[in-house]
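Quick note, the sequences are listed as chains A and B, same order.
Read in my numbering, the first sequence has 399 at position 399, and its numbers run on one by one without any break.
Read in my numbering, the second sequence has 316 at position 316, and its numbers run on one by one without any break.
Treat the hints as calculated values from the structure; they're not laboratory data.
Mixed in with the good hints there might be a few duds.
Said to hold, decoys possible - In silico DSS-like links for lysine-lysine, alpha-carbon gap of 27 angstroms or less: (1) A:Lys-340 to A:Lys-15; (2) B:Lys-192 to A:Lys-72; (3) A:Lys-302 to B:Lys-360; (4) B:Lys-268 to A:Lys-355; (5) B:Lys-46 to B:Lys-378; (6) B:Lys-434 to B:Lys-72; (7) B:Lys-95 to B:Lys-76; (8) A:Lys-391 to A:Lys-239; (9) B:Lys-383 to A:Lys-302; (10) B:Lys-192 to A:Lys-51; (11) B:Lys-72 to A:Lys-409; (12) A:Lys-383 to A:Lys-249; (13) A:Lys-340 to A:Lys-302; (14) A:Lys-302 to B:Lys-97; (15) B:Lys-95 to A:Lys-192; (16) B:Lys-425 to B:Lys-368; (17) B:Lys-425 to A:Lys-249; (18) B:Lys-46 to A:Lys-97; (19) A:Lys-426 to A:Lys-15.
Computed from a prediction, not measured in an experiment: that's the story for all the values here.
Letter by letter, the chains look like this.
Number of protein chains: 2
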Amino acid sequence: MGPGNIRTGEGDMAKKANAFYAQSGGVTAVINASACGVLEEARSQKDRIGKVYAGRNGIIGALTEDLIDTSKESAKAIAALRHTPSGAFGSARYKLKGLDVNKAEYERLIEVFAAHDIKYFFYNGGGDSADTCLKVSQISQSLGYPIQAVHVPKTVDNDLPLTDVCPGFGSVAKYVAISTREASFDVASMAKTSTKVFVMEVMGRHAGWIAAAGGLASDEDTPIPLVILFPEVTFDREKFLARVDSLVKEHGYCSVVVSEGVKGPDGKFLADQGLRDAFGHAQLGGVGPVIASMVKEGLGLKYHWAVADYLQRAARHIASKTDVDQAYELGRAAVKFALKGHNAVMPTIERISDKPYRWKIGMAPLSKVANVERMMPKNFITKDGFGITEKCRTYLQPLIQGEDYPPYKHGMPQYVRMKGVAVPKKLNTEFVVK
Amino acid sequence: MGPGNIRTGEGDMAKKANAFYAQSGGVTAVINASACGVLEEARSQKDRIGKVYAGRNGIIGALTEDLIDTSKESAKAIAALRHTPSGAFGSARYKLKGLDVNKAEYERLIEVFAAHDIKYFFYNGGGDSADTCLKVSQISQSLGYPIQAVHVPKTVDNDLPLTDVCPGFGSVAKYVAISTREASFDVASMAKTSTKVFVMEVMGRHAGWIAAAGGLASDEDTPIPLVILFPEVTFDREKFLARVDSLVKEHGYCSVVVSEGVKGPDGKFLADQGLRDAFGHAQLGGVGPVIASMVKEGLGLKYHWAVADYLQRAARHIASKTDVDQAYELGRAAVKFALKGHNAVMPTIERISDKPYRWKIGMAPLSKVANVERMMPKNFITKDGFGITEKCRTYLQPLIQGEDYPPYKHGMPQYVRMKGVAVPKKLNTEFVVK
């Protein structure tokens with residue numbers, strides 16, 4: 001095989017080589033479950049894969065030759081990754097530029113990979129990371145270094161195409177739905193003499209997937225007066241206040257789930273409307289307090305607001321079992337795909353049926369994943385712009401199904417930390433990450 | 001027995017009568033567990049207690065003769081109260097004035113109680129409510145109506161005296177400790193290229209009990225660089241920033257747990273430092289964003305902040321089993337005390353031992369509970385003012401022990417709602433609550 005075709009092909013036993021694994025971008029409650037899947041599958045394939053080296057702080061670890069020898073971690077510690085939130089090897093917000101713009105980075109990767117006999121590249125991240133992974137996969141062709149790059153999907157934003165769902169999203173969705181239900185019960189019981197409107201700010205700067213999950217707080221058994229503010233719907237102050245007013249008049253209270261990405265008619269984020277402190281310093285306000293203040297000024301109703309921020313994406317204690325299972329299986333699938341000779345692909349979730357929810361692992365070419373953002377379908381939002389449709393509910397509901405509790409000791413969840421033993425450096429060269 | 005002594009005395013079988021139960025003040029994840037205890041115990045004493053009428057929206061329901069007939073609720077629904085957050089019968093922020101100031105309210109209570117043959121009064125609330133309960137207990141002597149009033153403690157603020165802990169606190173403590181640990185794991189894994197300081201605002205306007213619980217996020221097995229800001233410690237900007245700076249230099253990140261009640265050297269709440277929007281309107285900012293902005297301006301570090309607000313006190317999904325058990329048993333004990341002839345008392349939790357945590361039900365006279373606020377002992381805060389001592393940890397740790405998960409359906413916790421069937425009114429008089 002020439003350098004232009006490094007696929008080994010199924011059954012074509014490649015020489016045993018080491019693998020590289022890295023976490024990228026914002027972490028989630030289940031990205032470590034994918035790490036667990038990658039590492040456990042790799043360990044079960046000892047005749048094909050030597051060691052798995054993890055990048056300390058993501059791809060930066062590869063560029064600086066700061067590799068973690070995962071073989072030094074016990075099987076017990078690796079298994080515990082499945083129930084540990086965050087990125088156990090460190091993640092990074094760092095996007096490789098194109099080969100034409102910064103060839104030095106790719107040459108450096110090859111230098112490090114070659115020094116450590118790394119021929120498998122597993123990258124665990126979202127859309128930007130899929131692009132990085134694709135670029136790495138192209139090293140084989142463009143720079144003649146034989147590497148197989150497989151992307152493991154991850155993002156709470158749920159915006160990767162060609163997969164039913166992105167690991168991390170289901171657990172945020174579950175957290176947001178439960179928290180909204182719980183706070184709504186609280187407000188309902190106090191509304192007679194106290195707070196009447198509760199505002200909950202959730203993540204999702206570009207798409208309303210997470211805000212939509214708030215809609216699951218209310219269902220047939222447990223109806224709750226809810227207003228959802230999506231980034232897909234231009235915010236209309238008067239219409240919003242009228243809706244809140246009518247719900248409070250009818251039910252005595254209501255809850256508002258607002259996406260951080262909601263924009264006003266001027267196209268600007270509501271969160272950026274320029275809060276200043278007493279000294280005139282700009283304050284990074286959340287959109288939650290902005291909306292709450294509107295309710296107070298426009299309707300004179302007592303309000304409370306919450307901003308869940310990282311709590312929502314780190315809440316492993318209430319992770320969706322479906323999400324955990326999928327994250328783990330996608331990690332395993334990535335290794336299997338690589339060993340079958342695939343390059344520049346991503347394992348995906350294919351939905352077989354809604355009720356009961358059945359799914360299987362599929363495969364997508366990275367060229368069709370990188371830099372493609374999946375937006376929420378228009379028919380997932382009700383016509384008035386404030387709620388989710390039955391179609392949306394049918395999509396979302398299975399994703400929060402099941403609980404997968406971590407073990408506890410002294411009342412606290414027992415999350416694992418890696419020993420993080422460094423692989424001895426083989427290169428004497430420094431590389432400065434810009 | 002004359003009107004001055006209506007104690008029936010143990011063994012002195014009083015005539016069967018009805019009971020009144022009401023929830024008061026801010027609700028919690030476990031106040032309904034106390035309701036469950038009261039109702040189940042009363043149902044088991046059918047020869048002594050006829051029906052239990054719950055006040056719709058607390059004491060307001062008594063004043064307006066808006067009573068809920070709890071006998072119309074199924075045993076299954078009552079049992080489900082044990083795992084349902086919020087106040088199922090409606091709670092109210094309403095404090096009865098003194099007999100001398102507003103005798104009309106007490107006369108009205110007697111009128112309603114007499115009309116419905118209510119001789120037992122169970123009031124489920126915090127310090128203010130204990131005072132109301134005490135006043136109601138005095139009706140017997142002052143207005144000659146035979147009633148036994150027993151207070152069931154509840155408050156996330158943990159500020160009632162004479163009890164080891166107040167139901168509601170243990171579950172908030174657990175939520176705050178877990179959330180802080182989870183978010184800290186998140187930040188730790190991203191700190192190399194992203195957020196370095198995470199700020200979590202928690203409840204507790206007068207005392208730092210809840211902020212202290214954040215300290216449980218870090219322990220011997222899982223150390224986390226934490227800064228806790230207590231309302232008991234005057235905020236010192238320079239000292240705070242120096243502490244954060246040093247932790248970030250040493251560990252790469254840190255988390256800050258800040259009580260909403262933190263005050264500056266001027267004695268004002270930091271949260272009230274006067275945020276204004278672009279139009280000059282005052283904004284109710286939380287102290288979380290204020291602290292976060294200080295970190296940015298003072299140290300130039302990237303930050304994130306969360307305000308858990310009602311999520312923390314409604315989070316039944318991760319309630320402390322210890323807390324749930326105690327809330328339930330205190331409810332039962334209140335009924336038992338009343339049937340033993342006690343008036344103007346409150347069942348308490350007495351700690352027998354720390355490790356293992358063992359406790360029993362005690363009893364305190366309401367005259368020593370009402371209007372007494374238990375502050376956090378000074379030796380619970382480290383000398384530098386930013387952490388909790390071992391003594392504090394020994395106190396707090398058992399209170400978050402154990403998990404008590406609610407049942408789930410379609411991925412969502414199944415919380416119960418009462419039918420809330422109204423008791424037919426017997427009075428033709430209106431009473432306007434001021």
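Verification of the hints:
1. A:Lys-340 to A:Lys-15: The given pair, whose Cα atoms are some 13 angstroms apart, holds under the 27 angstroms limit.
2. B:Lys-192 to A:Lys-72: holds (23 angstroms)
3. A:Lys-302 to B:Lys-360: violated (40 angstroms)
4. B:Lys-268 to A:Lys-355: Not OK: Lys-268 (chain B) and Lys-355 (chain A) at ~55 angstroms, beyond 27 angstroms, violated.
5. B:Lys-46 to B:Lys-378: violated (47 angstroms)
6. B:Lys-434 to B:Lys-72: Roughly 30 angstroms between the alpha carbons, so the hint for Lys-434 (chain B) and Lys-72 (chain B) is violated.
7. B:Lys-95 to B:Lys-76: violated (33 angstroms)
8. A:Lys-391 to A:Lys-239: Answer holds: Lys-391 (chain A) to Lys-239 (chain A) is near 24 angstroms, not above 27 angstroms.
9. B:Lys-383 to A:Lys-302: Outside the cut-off at roughly 39 angstroms; violated.
10. B:Lys-192 to A:Lys-51: holds (25 angstroms)
11. B:Lys-72 to A:Lys-409: Roughly 41 angstroms between the alpha carbons, so the hint for Lys-72 (chain B) and Lys-409 (chain A) is violated.
12. A:Lys-383 to A:Lys-249: Measuring from Cα to Cα gives roughly 22 angstroms; hence the hint holds.
13. A:Lys-340 to A:Lys-302: Measuring from Cα to Cα gives roughly 60 angstroms; hence the hint is violated.
14. A:Lys-302 to B:Lys-97: With Cα atoms ~24 angstroms apart, Lys-302 (chain A) and Lys-97 (chain B) stay inside 27 angstroms; holds.
15. B:Lys-95 to A:Lys-192: Given pair Lys-95 (chain B), Lys-192 (chain A) holds - Cα atoms ~14 angstroms apart, limit 27 angstroms.
16. B:Lys-425 to B:Lys-368: Not satisfied, since the Cα-Cα distance of roughly 36 angstroms exceeds 27 angstroms.
17. B:Lys-425 to A:Lys-249: holds (25 angstroms)
18. B:Lys-46 to A:Lys-97: violated (76 angstroms)
19. A:Lys-426 to A:Lys-15: holds (21 angstroms)
Checked against the numbered hints given earlier, the structure breaks hints 3, 4, 5, 6, 7, 9, 11, 13, 16, 18 and satisfies all the rest.
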